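Asks: Residue 216 is where the sequence shown starts when you use our numbering, and the numbers rise one by one after that.
Careful, some of the hints might be misleading.
[Stated by the list, open to error] Each pair of labels, with its calculated beta carbon distance range:
| # | residue 1 | residue 2 | range |
| --- | --- | --- | --- |
| 1 | Trp325 | Pro267 | 42 to 52 Å |
| 2 | Gly248 | Ser310 | 40 to 50 Å |
| 3 | Gly266 | Asp245 | 40 to 50 Å |
| 4 | Asp245 | Trp273 | 36 to 46 Å |
| 5 | Trp261 | Arg337 | 24 to 34 Å |
| 6 | Glu333 | Gly297 | 16 to 26 Å |
| 7 | Thr250 | Tyr301 | 24 to 34 Å |
| 8 | Gly298 | Arg265 | 23 to 33 Å |
Since the hints were made in silico from the structure, they are not lab data. A quick note: this is a predicted structure, and the numbers were derived from the prediction, not measured. Backbone N, C-alpha and C fix where the C-beta goes; we use that ideal spot for every residue, glycine too.
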Amino acid sequence: MRLRTHIANSPAVVDHRLDPYRDRVARLLDSDGRTAGYLLLLTQVWYEARGPWWRRTWSAGVERLDWFAEVLTDGEWLHTDGGWMYTEDAVAELSSGTFDCYGREFAISWLTGDEAAEARGRFGV
Numbered sequence: 216m217r218l219r220t221h222i223a224n225s226p227a228v229v230d231h232r233l234d235p236y237r238d239r240v241a242r243l244l245d246s247d248g249r250t251a252g253y254l255l256l257l258t259q260v261w262y263e264a265r266g267p268w269w270r271r272t273w274s275a276g277v278e279r280l281d282w283f284a285e286v287l288t289d290g291e292w293l294h295t296d297g298g299w300m301y302t303e304d305a306v307a308e309l310s311s312g313t314f315d316c317y318g319r320e321f322a323i324s325w326l327t328g329d330e331a332a333e334a335r336g337r338f339g340v
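Based on the sequences and whatever the hints tell you, model everything.
Replies: What follows is the structure in structure tokens.
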């Protein structure tokens with residue numbers, strides 16, 4: 216199975232379950248309520264390749280949530296990473312107000328305005 220994030224002239228694909236999280240930035244809070252990092256959420260449409268390469272077709276698009284996290288430890292930036300989440304998993308986890316980053320669970324505090332723009336800048340977006 217090969218996945219692709221863009222097909223020319225493809226119809227727009229929007230999964231409205233992701234609307235509350237689309238292009239959002241959050242502060243990650245540790246168990247004491249202190250800032251432990253930042254989380255950036257973006258969406259992409261993925262397509263699956265089907266059939267042999269000489270007669271390849273692509274599946275209908277599916278919108279997925281990409282995440283990028285920058286996590287603090289002892290006042291130093293320890294880790295920056297990212298990945299993608301299936302929609303059902305993303306909605307279940309984020310609607311609970313938490314984000315699990317490699318076994319560390321953080322509370323989420325959504326950012327807006329200048330604060331969100333500044334946090335997005337940390338990720339170069």
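Asks: If I claimed the Cβ atoms of Trp261 and Arg337 lie 24 to 34 Å apart, would that claim hold in this structure?
Replies: This hint holds: roughly 25 Å between Cβ atoms.
Asks: Given the hint of 36 to 46 Å, check if Asp245 and Trp273 actually sit that far apart at their C-beta atoms.
Replies: 42 Å, holds
Asks: The hint says 40 to 50 Å between Gly266 and Asp245; measuring C-beta to C-beta, is that right?
Replies: 48 Å, holds
Asks: Does 24 to 34 Å hold as the CB distance between Thr250 and Tyr301, or does it fail?
Replies: Check passed, 28 Å falls within 24 to 34 Å.
Asks: Tell me if the beta carbons of Gly248 and Ser310 are separated by a distance inside 40 to 50 Å.
Replies: 20 Å, violated
Asks: Given a hint of 42 to 52 Å, does the C-beta separation of Trp325 and Pro267 actually sit inside it?
Replies: 46 Å, holds
Asks: Can the suggested window of 23 to 33 Å be confirmed for the beta-carbon pair Gly298 and Arg265?
Replies: 24 Å, holds
Asks: For the hint 16 to 26 Å, verify it against the beta carbon of Glu333 and that of Gly297.
Replies: Given range 16 to 26 Å: holds, Cβ gap about 19 Å.
The structure fails to meet hint 2 from the earlier list, while all remaining hints are met.
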